[in-house]
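Asks: Now for the letters of each chain:
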Amino acid sequence: MAYAIEMLGITKVFPGIIANDNITLRVQENEIHAILGENGAGKSTLMSVLFGLYTPEEGKILLRGKEVHIKDPNHATALGIGMVHQHFKLIHNYTVTENIILGNEPRDRLGNIDLKTAQKEVERLSNMYRLEVDPQAVIEDITVGMQQRVEILKILYRKADILIFDEPTAVLTPQEIDELMAILARLKAEGKTIILITHKLREIKQVASRCTILRRGKVIDTVEVDKTSESEMAAMMVGRAVQFQIKKAEAHPGPVVLSLQDLSVKNSRGSSAVDNFSLDVRKGEIVGIAGVDGNGQSELIEAIVGLRHVESGRILLNGQDVTSKSIAERIRMGVGNVPEDRQKHGLVLDFRLDENLILKTYAKPPFCSRRGLLNFGAIRQNSQRLIETFDIRAARGPETKAREMSGGNQQKAVIAREIDLSPELLLISQPTRGLDVGAIEYIHSRIIAERDKGRAILLVSFELDEIMNLCDRIAAISKGEAVGIVDAKQADEREIGAMMAGLRSLHTSEFGGKATSPANPS
Amino acid sequence: MKHTKEPAHRGKTDKLDSLLANDNAVSVIVVLLGLLFGTLLIILVGKNPSGMYSAMLQTLTGLDIERGTWNARYIGEWLTASLPLILCGLSFGFAARTGLFNIGAEGQYIAGLTAAQFVALYFPPIPILHWVVALIAAAIAGALFGGLVGWLKARFEVSEVVATIMLNYIAFFLSRWATMQIPGSNTYKTPSFPASAMLTSNVLQSLTNDSRLNIGFWVTILCCILYWFIIEKTKLGFELRATGYNKEAARCSGIKVTSRISISMILAGIFAGLAGAIVALGSFSYGRVLAGLDNYGFNGIAAALVGNNTGLGTFLAGLLFGMLASAQPLMQSRQIPKEITWIISGLVVVLISLRAGAKLFLAWRAKNKVRMRMEIQTASGASSSEDSLNSGNGGQKHNG
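These protein sequence lines are chains U and L, in that order.
Take 1 as the starting number for the first sequence in the working numbering and just add one per residue.
Take 1 as the starting number for the second sequence in the working numbering and just add one per residue.
Rather than coming from a laboratory, the hints here were simulated on the basis of the structure.
Accuracy of the hints is not assured; some may be wrong.
As the list claims (entries may be wrong) - List of simulated lysine to aspartate or glutamate pairs, EDC-like, C-alpha gap at most 16 Å:
| no. | chain 1 | residue 1 | chain 2 | residue 2 |
| --- | --- | --- | --- | --- |
| 1 | L | Lys367 | U | Glu57 |
| 2 | U | Lys401 | U | Asp350 |
| 3 | L | Lys359 | U | Glu424 |
| 4 | L | Lys247 | U | Asp341 |
| 5 | U | Lys200 | U | Glu250 |
| 6 | U | Lys120 | U | Glu140 |
| 7 | U | Lys205 | U | Asp161 |
| 8 | L | Lys359 | U | Glu31 |
| 9 | L | Lys256 | U | Glu329 |
| 10 | U | Lys453 | U | Glu493 |
| 11 | L | Lys367 | U | Glu58 |
Same shape as in the complex, but just chain L (with noise of 0.2 Å):
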């Protein structure tokens, strides 16, 4: 290729071409983009917004710039708070990268909470296989609620859309009934957890200031670093991504489609299932009768998505996520609105669809680019137009 003849800033045009093209690069863009929308709504009701960043500094780092003090139990409070956040993030982002819509997070979710409780209230208190054993429990009762929709998608080509909209439902009002049949519950509690199945930890606690922060932490992360073995280094994991990228094509190469979205499913239901064990077990002493839904499931869609449905962006973006939420207290107490976090994270999720935008862009800019180069070789005559036309690819989309 002769580039010897490109403009000067040609450099430059492809550094934003690379940028826009990077989903990472683009969700960056898109958090920031948040930020600063929210800065200037907080002007615009007249506060000032450094409460804001204040707020978001003492939930990062423990640090309140205002008073001069430091307490590490605000960095433990943000990473409970993301925890479930970072899991129904995961179980989003598993079943999207098989080309399913997991809505149901938030339903997978509460049968993970419930049968975790049921764990903690009827197992015998033994030491650490109390709780191992409520993790388990919450996992499968995840798995099955997960495994269930999977199943009437393959078999039934029923929506899982739909399917999970409905269990979300199923569980929380299942969830409701059966925790009230525990002897010693009322309306909205069950009667309190032996030590045995809480999922406190000592080192953790101690490092944070007697913070919430709970052997939940390990076990997320340990789900972060599962989540991107089994999806980038597996055999099942090519066979998902194949199927979630082109049933068809799948299908025709012998991969069993119906059964790789069930198992999606269950591994979807799995992560959702911990989440709720980790509320349950590590925020809670006491079983809950849900009164209303926690949405960590709808939240952690918010996740996945800002995460590219990757193990590592969806981390990160749950702990974006959990600051946010846990810096609201902070930030009413700088007479900042805190709704403005929740306006924060909307706007995000909206943003976020600036990759599509982000895409038409960049399509007007190689059209320009050719365009471009077309002119100068007009104008020196030199060099053949065979050359761009070769270099461009996928042309031959447009004729025939």
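Bound conformation, chain U alone (with noise of 0.2 Å):
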């Protein structure tokens, strides 16, 4: 069979780190080719040379066996290969149209832009594949499945035949996954070669045919999809066995710890964020908000901790309205929050290990005397114990900056500092993202340590295998809106899924501040 694509021995360094080392990739004419691989592993670093966005210190790339020198994504383009990046690069108020065309336009005689045959090729597009996109839909207010069609359309219109999938389901909903994974098929039918990067194992048991398993920057191996098992393909991903379901006991739920009541927040653009939600969190469980990334879920957070006004509603913490509190009176009265970006809001990037570990309990004693002199020796023994209890590995100890330390001790320092806080409530926002299975494996098992441990935890994650794993019960948000809540061991991911995008559930309990749910066994 013939190559459309051949990678042959490319290398490139960052400083600090191989990010590929001496990767062959070949991906044949016409077939799904998974690249699989941990965050970190050198996935999208490889497609970035490939589409011209990086120059590989060595190797060289050959397309349908003849070499070429990818300068930059107009090359790339002009070459026919075409990416589909993970986050999306539209303008939002602006068309679909517009946004295909944006720097090839069609003109006419006159020069100007010849919005009409544009739309008329989108739509043929469309069709042709089934991608059902209204061209004359302004982005803004398309679903982001929509918009991702509507990337998709814009690589079909500058005629790629090689499609790059840079983790496109990260932002999806379950249903919306299945969408895509029908769309790629259809694709293929038509003749495209596709190279689909992900770390989910499912999506390529779907639509793959061969997989090419990456880890630590080098090829592990090249295997046939449909002769190799997910439990393999993880294997060779991880470098180990994988557990894939988390052991954890029986909840036991306590009374109410978070009461959100009639919760209203506004984002930073003034319009509703979150609306009218209400949720109760009790001593001993961990209750997930599933919901797609930009839902209300971030501003729903803030305003617990403090961080953002509250329009109406309350908060209530054992009891206690805390809405109007300050960020410190919460914290004191025993709210932890691990936050979704650790870099922007967990940590100090220039301060120390040591001196982040205190980011929140500076001001006490044995940190801080009566008269505002702090006490290094005890700032160091705070910060050994932690190292040693949370296992966080920097190069200098408890002398290390932040910054010089990998995402996932970052995230375990920030983790260690809020686990330490012993707080009534703990907030943990993506507590996995970017990380590698290990580390993920070691935060998810202390979030479940420290429910049993009689901790009321509420978790936000765009990943629903996590939310479904760890959680007790599971709450619904869409459009900042509580759509449902479930218990977690009745659960079903079509259903979440379908509340995610908004459709109330028959089987879900009735929401609000005082129903009790199934998961109470009391």
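Both chains come to you apart, so use the hints to assemble them.
Replies: See below:
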């Protein structure tokens, strides 16, 4: 079989790390070829090399047997290579057609943009691959799944026959993922070659014919997907056998710790982000908030922490109204928070590890005397204790700047600090984003251990698997509204997916502050 | 880690890395480069650069090697000229540590200077108490000017850069107008101060052969220590530094960021205000109606930049810029154009941006090092590349 793309001996080095170490990838004509690897394995780097964003230090690229030197993305486009990026590159107040033709506009005889012809072409392509995109819709009015299809149309419009998808399902609901898989199959049927970057095994099983597995910048193997089991691929990706299910005991929920009552919050642009949201979190349970990125989760957490003004509604902590209390007061009352963006909100990157570990307790003894002097001995001891208990790896111990630590260890540091506050309520957002499997397993087990100690935990994650695995109850959020809440044991991925898309489910329990849920055994 | 197969010159390259990664070392390199350029420039205009160095030596030690004489007064004058630079440097540095760009030390300096002059002329001439009150008044005036900027920034998000530049002018013209209202003032000076208001120190004067070195010297050293102490050792300093590095994370941790910004500007204003008092009551015996800016506030920025916003660093950098300024007349007497010192200080400030260059250079070297290690590994085929990957920090940024 002929190869569409051959990347031979590609090496790409970044300061301090070899992102791609002598990688060879051969993609056959008209196949769906998956590239599997953990975060940081070098998948995106490899594809950026192919798309002309990076120049490799070594190696060559053959396009249908002929060597090419891809200078930049425009060159890649001209060669028929298109890429659907993880974060869409669309202009929000432009129509679908305008976005698609941007940079490549058809002109009439007078030199004006010929929108009519363009629209016809977009419509033709959309029908051909059954993408069901309205060429005249404005981007900000259409769903994320639709926006992704606009991205696909954009590269089809540029006549790409080799399509790269970079983690395309990260932002989609389960239903949208199914639709995308069908689209990929149709693209293949029409003769396109597809490279699918992902770390989700199920998707590979579903559509790909072959899969190349990367680990720490190296190729581990290229396998035939139908002859390889999911667990075999997972083991190759991680380098050891992986547990899929998290072991956890039955939850024993106690009294309500956090009670959100008809909470409404605006986002930074001043429009409604959280709308009449009510939810209870009890002692000793993990409540998950399932939802697609950007549906009000961040604003909700910010409101609970005290970073964002509450428009209406109340936040009760152990029965006490904290809606207008300051951030510091809420921390003192026992609100711990592992923020979504650890580098922006969780850590002071230019501070040393020991300083970061007292970021919320620096004002209290033993770290600070009554006269306002810092006690460096106590600060150091505290950091050594946490480094040991939480297995934080830092090159120079307590003196290591947070900036110099790996993402996994930065996250461990934040989690260590927040758990060590022994808060009544622990808010956790996206705890494992960008981490490798080892760190993920560790952090998951820590979260469950905290639950078993009797903490109330509210978990926000865009990974439905993570929510399903960790949580005792799952609330779905869509456009800032609570759509439903289900017991995790009876939860069905499809059902939650439908709720994430905004459809209320019949099986959900009554919503609201005072309602008891099926998760409560009492 | 297996480092046995590293190339032999690795030790040397590591030393260069750690040298360039050290901000203090970069500052020293920059100063040396500045002097080197100055030297070359003097040669270029056909003069003998040794004149510049003998002038500098005389400023620093009082030793005139051309005539073989020694006069300690040069040392005293050098230190006197450095004091306001150091204090204004502390002012800039203190705000910078909280993430603010205090370009208004000049205005805060003028506020302090004016307040000190008024106290000197109107407060009853009680020994010691007189100048102590003058210093306190100057500190308060500086604090008001700085604090106003901090309050505007914290309350209304007014850019501190714009606010301080505007306040510099307000301070300047306000000072001129107010000082001219004093009975007996003309367009450039007020009546003389009573002796009790002066910062004269007999000990320092006798040590430096009747130079103008004064009590301000001790005040400045005290300020440097205080600066270091607040920033490094106190809860307040921790909050200020956290705010300066990452305002968002500081806010999330319960630090009241807006009040910290105000406090930081108040303290910055105090340092600059004291600089004003020390110049007014240390170097002059009468109040001045300012004809132009003294520029200590702006040159203080340079001192803070070269001193990496630390107490000791700013002290040393202030001494350096003070030396360059006081060496000028001596250089002129040796037929060296005095402008050369301004060129050197200008170059030093420009070259400080080398720090960013040094970081780029280090990143490039780090990249090469990984490659080199990789090649060695492929050559030997022995150790696995996972070791080298483990040792690389922050690699995850580049992926995903």
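Asks: If a hint holds in the structure, say so; if it doesn't, say that too.
Replies: Hint-by-hint comparison with the structure:
1. Using a Cα cut-off of 16 Å, the hinted pair L/Lys367 and U/Glu57 holds, with the two alpha carbons roughly 11 Å apart.
2. Restraint check for U/Lys401 and U/Asp350: the C-alpha separation of about 6 Å stays at or below 16 Å, so the hint holds.
3. Under the criterion of a C-alpha separation no larger than 16 Å, the hint pairing L/Lys359 with U/Glu424 is inconsistent with the structure, at around 43 Å.
4. For the hint linking L/Lys247 to U/Asp341, the alpha-carbon distance of about 14 Å falls within 16 Å, and the restraint holds.
5. For the suggested pair U/Lys200 and U/Glu250, the alpha carbons sit about 28 Å apart, so the restraint of at most 16 Å is broken.
6. A threshold of 16 Å between alpha carbons decides the hint, and for U/Lys120 with U/Glu140 the separation of about 22 Å lies outside it, so the pair is violated.
7. Taking the CA atoms of U/Lys205 and U/Asp161, the gap is near 23 Å; set against the 16 Å cutoff, the hint is violated.
8. Between L/Lys359 and U/Glu31 the alpha-carbon distance is near 44 Å, which puts this suggested pair outside the 16 Å criterion.
9. About 11 Å separates the Cα atoms of L/Lys256 and U/Glu329, which keeps this hinted pair within 16 Å; it holds.
10. Our distance criterion of 16 Å between C-alpha atoms is broken by U/Lys453 and U/Glu493, whose separation comes to about 28 Å.
11. Restraint check: the Cα-Cα separation between L/Lys367 and U/Glu58 comes to about 14 Å, which is no more than 16 Å; the hinted pair holds.
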